[in-house]
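Following the hints, put chains B and C in place on chain A, whose structure we already have.
Chains as they are written, first to last, in this note's numbering: chain A, 1 to 362; chain B, 1001 to 1362; chain C, 2001 to 2362.
No lab work stands behind these hints, which were simulated from the structure alone.
Derived pair list, reagent style DSS-like, types lysine-lysine, alpha-carbon separation capped at 27 Å: (1) K1203(B) with K1238(B); (2) K2203(C) with K59(A); (3) K57(A) with K2297(C); (4) K2297(C) with K61(A); (5) K2057(C) with K1297(B); (6) K91(A) with K61(A).
For the chain B half of the interface with chain C, some residues (derived, Cβ under 7 Å), not all of them: (7) A1158; (8) H1159; (9) F1162; (10) E1174; (11) D1175; (12) I1299; (13) A1302; (14) V1303; (15) R1306; (16) Q1313; (17) P1314; (18) V1316; (19) I1318; (20) A1319; (21) I1320.
Now the stretches of chain A that chain B is said to cover, found in silico as 3 or more residues with beta-carbon under 8 Å: (22) 157 to 171; (23) 175 to 184; (24) 290 to 304.
Even for Gly, the Cβ is constructed at its ideal location relative to N, Cα and C.
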Amino acid sequence: MSFVRNAWYVAGWAENFGRALTPLTIMDDAIVIYRTEDGRAVALADECPHKRLPLSKGKLKGDAVECGYHGLTFDCLGNCIRVPGQTTVPKAAFVRSYPLAERRGILWIWMGEAEAADPDLIFDLPAFDEAGWAPHFGDALEIESNYLNVAENLCDPAHVSFVHPTTLGNPESEDVPIESHREDKTVITSRWIRDAPPVGFFKAFGNFQGHVDRWHYYLFHAPCVAVIDFGSADSTLKIGEDERDRGVRLFALHFLTPVSETRTIDHWMHLRNIAQDDEAMGDQMNAQFRLAFDEDKEILEAVQQREARPRRQPPVRIAIDRGANLLRRVIKDMVEEEIDLEDALHRQDGGETARPVRAVPH
Amino acid sequence: MSFVRNAWYVAGWAENFGRALTPLTIMDDAIVIYRTEDGRAVALADECPHKRLPLSKGKLKGDAVECGYHGLTFDCLGNCIRVPGQTTVPKAAFVRSYPLAERRGILWIWMGEAEAADPDLIFDLPAFDEAGWAPHFGDALEIESNYLNVAENLCDPAHVSFVHPTTLGNPESEDVPIESHREDKTVITSRWIRDAPPVGFFKAFGNFQGHVDRWHYYLFHAPCVAVIDFGSADSTLKIGEDERDRGVRLFALHFLTPVSETRTIDHWMHLRNIAQDDEAMGDQMNAQFRLAFDEDKEILEAVQQREARPRRQPPVRIAIDRGANLLRRVIKDMVEEEIDLEDALHRQDGGETARPVRAVPH
Amino acid sequence: MSFVRNAWYVAGWAENFGRALTPLTIMDDAIVIYRTEDGRAVALADECPHKRLPLSKGKLKGDAVECGYHGLTFDCLGNCIRVPGQTTVPKAAFVRSYPLAERRGILWIWMGEAEAADPDLIFDLPAFDEAGWAPHFGDALEIESNYLNVAENLCDPAHVSFVHPTTLGNPESEDVPIESHREDKTVITSRWIRDAPPVGFFKAFGNFQGHVDRWHYYLFHAPCVAVIDFGSADSTLKIGEDERDRGVRLFALHFLTPVSETRTIDHWMHLRNIAQDDEAMGDQMNAQFRLAFDEDKEILEAVQQREARPRRQPPVRIAIDRGANLLRRVIKDMVEEEIDLEDALHRQDGGETARPVRAVPH
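If we strip away everything but chain A, and leave its shape as in the complex, we get (with noise of 0.2 Å):
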């Protein structure tokens, strides 16, 4: 399977950009962003076509980019504009460049065709605008393993029992069912634990008495945004379905950009609604975040590591695996889709051009 490349995935936090050459990769392209003299992002194929330096290893000379093997001087368009010792500038001479949008501190690149990317596509959340809710930054976690082990653990709430039992779960919600179902392309994972001890994170910040209420909620937004809502509520508060906003809520961000086949970048982040202001229970719920999320890694790079061996016997299927494998399907259909579009384009202009985002090596 193959990636969703006509979508926005996040380049990293907005504030990690600056006039510093940025390389990095995303679906095995190499990119390079950097900032104008005026702060506006730019992302652009990182390689020379010329000897295939990265242009990350040259310099900005002011909003344009000079390959550090022979000077050839990329605009912010990815346009040639220079060719040292010549007068001409090749036409094949141009890299490829990525709309970017910057929302929220985050930046947003759209690694599809340029011409399909829409900004009212961006995720996006109520919450960053609504009083009493505050967005607190977290970090990019780094995940050797396939984007898709990622995304099925963020469709996954049964895990949280057994992969985080200090932090998120506990064995109270071991057995509870799970609801699943897809809607276009969300797919919603959730559950309750109703009258029960509360978990690590709430007994640490939600200075509870007794029993809880708790819920989580995965709305995994195909193909890389998963929000997951949870929290916990007194007990004899016995709040309906609708009523979370009366217990202690929390929405955990989780962006996941595909590096290659076998690694991920998850950048998160968390909304709350107590203490907005409070920089160091910001802190500290990151820090329990940490702690769980490096418990998630472990488990999703030990999964790689098999999945590089051949299976022995047939996979297992059971009922928690409902929600992941909604999100494998929705995934599915959305490269499909991709690949009958280039297909059609391609049909259209009786195979002249180039495909433009799935090209290949010649």
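Quick look at chains B and C alone, frame taken from chain A:
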């Protein structure tokens, strides 16, 4: 060439296994070993058939193993006894279990068909029981070399003159002919060096005043056990071949466990007929063995690295190769016999069942 | 593309070889070099044809090499002169011997047919003998890049403006055209930068008060020797192209030795026409060269890493590539000539003998 699977291999010294989930790899099989609450050792395939996480990343629940990802739980026979979130267990939910046997402080594992695992086939040596002898355990030496390279080194008395000149060999033996023959699945190579100065090892431990008669008998019990009967006696005694107990005599045991095509573990130990209760002497002897076996390791790993590259000229065959050649022939016979047996079984059921031992990915 | 084998390559500085068995790899051939008791250098294939142990793991016995595994012993011609344990030597027991030549403190090795190893073909430079000049040895720079990438860098005066802006280049030369032509197996690229500020190197060593005329002549003698004749003269002297000795003039020599498809060693040194006996100045110049060549190394290794990945767009060809293109053409011609020669030899004997030089595994 493949490995012989229908045989007992050494998994490790018995004392190295306890209530921890201990992962190890034998013939590319990932295996987890642990002891039950009443101390019995258990070996299971180290991979949950659900998402392929190694079971060794999970934890023991009584005598069963709970997977660290979603809690699937397997008993000592490898049967799944719990799937959290549901009341039924899918038919495919099991893992392979490997027969084990514990003898003389050694844990043996059977890598082939469980039904064929006959404990009477486990290697033993009368000296373990005889007065005047005592076992002294050594190390698990990991060698980055194919198991056959290591095995043929243990059918090869000739190398000691050149590889171990300060410990087990000296120049006096360089040109002494070697006798080799095969007895069923055992290859025996031997030589006597009469009336010569003692080698370093017997200088250190034999207290000899003059020349000695030195012997090396290498008994390789295919596929994986080598007994090296070696010693020295004062030359003036003029002992016969069957009077070795009159000299200082040792049995160095090597138990080879193939990890993969390019890695082998050599568990080694010795028995001796002098100072059986002198732990200090045991330690000093082991120090000399460690030195010598590290010399073998260097040679065998260099050879393996070369075997990854094309040969530039045909191999040279010489007289001292006879033991190694007999050994390779025995192993080849054993592997072919296994393949024939599997084919017969496979034909018998009309090809309907998977081949249980050499199962390949699907 | 393969390597040119019928040529003299630099094995190393002569002083680096002595009585130690020194392993090195050239064009994927494992080679061991040592000196005989009377100081003559010997190069043999570094692999015993018995069990494939590198001979460099053995030891010298007089002028012969004894294998460290079973004592097979090879003389300076590669003939086996002893097989312990037997009185005869099998016909196949020999190793390839490589012609060597020592000149000007450099040890040269012939990688092709021994019969064709003509010492008159060894590179030399008149300046080695001329008054007013002296050789100063540099380092062996290991570069993880294909030999042709390194070679074309040495037919390319254009890169110095961008890769070495603080030492060997400066912006004044960026757009100065380059002259390139081929003379038999030599590619010559050159340019003059007239009436401009001196580059860092000549600021440090030239003691110039004003503008200089600076020249770069790159003479690449295929397949493996580059002579870079560069220097500066006070612009007021208005020297002609043939009056370079009136300025501060250097010959930087690079001897390329391909190790494998992705690794190359560049042995470099220089001769200069100023302060020939001033060792301190030699050291300071070498320090600047080291800085500059490390800049090349970084570029060339980054290019190699990219070459391991598919190209996304067609290469751009520009004016300054002419020298590099001529070089690749010369090498291609030489390789093809060798292949033709081998095919002719092979046909001549009815295909009965193995091809001695490009021998492949069987």
